[in-house]
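K.L.:
Keeping their order, the protein sequence lines are chains A and B. 1 is the number of the first residue of the first sequence in UniProt numbering; add one for each residue after it. 1 is the number of the first residue of the second sequence in UniProt numbering; add one for each residue after it.
Calculated from the structure, these hints are not laboratory results. Misleading hints may appear alongside valid ones.
[To be verified] Sample of chain A residues facing chain B (criterion: CB under 7 Å; computed from the structure):
(1) Phe-104
(2) Ala-119
(3) Pro-144
Just so it is clear, the structure is predicted and the values come from calculations on it, not from any experiment. The beta carbon of each residue, even a glycine, is placed where N, CA and C say it ideally should be.
Here's the letter readout for the chains.
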Amino acid sequence: MAATPHRIRASRALTAVMTLALVYAFLPLVWLLVSATKTQSSLLTSFGLWFDGPFALWDNVGETLTYHDGVFVRWLLNTLLYVVAGAGGATALATLAGYGLSKFAFPGRRGVISVVLAAVAVPSTALAVPTFLLFSRLGLTNTPWAVILPTMVSPFGMYLMWVFANESVPDSLLEAARIDGASELRTFRSVSLRLLSPGIVTVLLFNIVATWNNYFLPLVMLSDPEWFPLTVGLNQWNAQASTVAAQPIFHLVVTGSLLTIVPLAVCFLALQRYWRSGLAAGSVKQ
Amino acid sequence: MVVPPTRAPGPVAVPRAARSRRRGRWIGWLFVAPFLLVFAVTVLAPIGYAGYLSAYQDLMVGGERFVGLDNLLGAVRDARLHEAVGRVCLILAVQVPVMTGLAAVFALAIDSGRLGAARLFRIGLFLPYAVPGVIATLLWGFLYGDQFGLVHSVNDTFGWHVPNPLSGTWALPAIGNIVTWEYVGYNMLIFYSALRVIPAELYEAAALDGAGPWRVAWSIKLPALRPALVIATLFSIIGSFQLFNEPAILKSLAPNVISTYYTPNMYAYNLSFAGQEYNYSAAIALVVGVATAVCAWTFQAVAARRKDA
Numbered sequence: 001m002a003a004t005p006h007r008i009r010a011s012r013a014l015t016a017v018m019t020l021a022l023v024y025a026f027l028p029l030v031w032l033l034v035s036a037t038k039t040q041s042s043l044l045t046s047f048g049l050w051f052d053g054p055f056a057l058w059d060n061v062g063e064t065l066t067y068h069d070g071v072f073v074r075w076l077l078n079t080l081l082y083v084v085a086g087a088g089g090a091t092a093l094a095t096l097a098g099y100g101l102s103k104f105a106f107p108g109r110r111g112v113i114s115v116v117l118a119a120v121a122v123p124s125t126a127l128a129v130p131t132f133l134l135f136s137r138l139g140l141t142n143t144p145w146a147v148i149l150p151t152m153v154s155p156f157g158m159y160l161m162w163v164f165a166n167e168s169v170p171d172s173l174l175e176a177a178r179i180d181g182a183s184e185l186r187t188f189r190s191v192s193l194r195l196l197s198p199g200i201v202t203v204l205l206f207n208i209v210a211t212w213n214n215y216f217l218p219l220v221m222l223s224d225p226e227w228f229p230l231t232v233g234l235n236q237w238n239a240q241a242s243t244v245a246a247q248p249i250f251h252l253v254v255t256g257s258l259l260t261i262v263p264l265a266v267c268f269l270a271l272q273r274y275w276r277s278g279l280a281a282g283s284v285k286q
Numbered sequence: 001m002v003v004p005p006t007r008a009p010g011p012v013a014v015p016r017a018a019r020s021r022r023r024g025r026w027i028g029w030l031f032v033a034p035f036l037l038v039f040a041v042t043v044l045a046p047i048g049y050a051g052y053l054s055a056y057q058d059l060m061v062g063g064e065r066f067v068g069l070d071n072l073l074g075a076v077r078d079a080r081l082h083e084a085v086g087r088v089c090l091i092l093a094v095q096v097p098v099m100t101g102l103a104a105v106f107a108l109a110i111d112s113g114r115l116g117a118a119r120l121f122r123i124g125l126f127l128p129y130a131v132p133g134v135i136a137t138l139l140w141g142f143l144y145g146d147q148f149g150l151v152h153s154v155n156d157t158f159g160w161h162v163p164n165p166l167s168g169t170w171a172l173p174a175i176g177n178i179v180t181w182e183y184v185g186y187n188m189l190i191f192y193s194a195l196r197v198i199p200a201e202l203y204e205a206a207a208l209d210g211a212g213p214w215r216v217a218w219s220i221k222l223p224a225l226r227p228a229l230v231i232a233t234l235f236s237i238i239g240s241f242q243l244f245n246e247p248a249i250l251k252s253l254a255p256n257v258i259s260t261y262y263t264p265n266m267y268a269y270n271l272s273f274a275g276q277e278y279n280y281s282a283a284i285a286l287v288v289g290v291a292t293a294v295c296a297w298t299f300q301a302v303a304a305r306r307k308d309a
């Protein structure tokens, strides 16, 4: 498996050091898993890394899903909407644009490339407040569009697709299709799209994680809990404990966090080989 | 959409290939246009609007007053912004090298072939990246708690005196730890991918020359990591300037330690949403955006020059 040749034995010291690193990576996750099985009261009184009190995981899950008329489920559906429309849209736009920049020498191409690459260095969070101000003037704030539209633009995704199209779609193949009389759109659909698919999956994964995990943009754009994604909703539950005369619901925050992580972690482990190929394409070429 | 040519053939016969090439000159725009349209609405327009807003001042009575560069100059001289920028620079100077270094060491270790269960380490260290920053912060917040969190449990159970991670001295390292936890595996995977594409001939040549594993790591693997290191550092620079989730969420646990202007982003956010100072907030966002871009581009330029030297 390793590229380094022959006479290699596993090193115990190295394995020990890396095991420590793994313990560090898993510590909060183990805490989360253990804590999700506890009741609100034993959560606050027992040792964090071991089970205690009655096994309350299923009760906690039930309560999380039904608390406040099932608002958690609503947040989950919102998150899915933002992921499908935002991350899906971002991937589609990045693919088209990356391919266009890679395969057509159109007037203004260099200008487009430099503007978009410059945008990679503009922090999206620095943009969030001005975008909020602009969108609020346009009457878009507090609607799903306020979250979906900014999510649909991924300069980094476009950069990756550009690099990927340069590498994986040979110009000679496109020439052949053109000589056969295929229109550019048809060539794109039936020839290039298939060659681009590993890159598309990578960009889609990046965008899904970024959208699923996004907090700042929806926090800025939305004030109505009806439209919150999971991240904003969960933090609101957490903050509820520190407001005056409120009832702390830490066990729901913990269980909700677990329910938020699990689907992404599963999708992530199943598709992780695509990450590696994509990361290689994005990081090795300069 | 590609529109089929409907023009009647002109009197002058243009060669077929040249005609289709000229027609094709603009087709690239059709592919790029949808992206650019949304890009203009969500990136260019907000930047322009921020510029417009920063040139005005909201008066209590009588609407807006044009103040030109006053807001921007005020932001540049703002002591609170200096404090916030100083804090992210500290993160940049300490946390980013620690995280990048650890990630490189982990990647080299996994690639060395001297680990049992290398796959488990690779996937396991990457897993925290799947955890939303908000949840990562909530989790570490619970672990940090010295009233009823894990720190409290440990002190209680073993009689230790682990200092409160959310006290004045330790809050910034505590935030740095969360960021490291979230991204070390992600960076490791970038480095690991870069190591996997080193051609086997290089290793064979090194073996023929009698190079040992350390020598191979130093002379072949580290240079191969260079471009990936540059990219990872670039994203970390941008990420540090954007720091918001971790301090903003920990603030509820340590309201007296973490101020409303703890990071530049928290400052811009709180000016807008707590203070209604939209014009000044836009100026802060612009100044921070420019500072980030300058930092990122400077780093990239220096890295490129080092490579040529």
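K.L.:
Each hint should be assessed against the structure and marked as holding or not.
P.N.:
Structure-based check of each hint:
no.	hint	verdict
1	Phe-104	holds (3 Å)
2	Ala-119	holds (6 Å)
3	Pro-144	violated (14 Å)
In this structure, only the earlier hint numbered 3 is contradicted, and the remaining ones agree with it.
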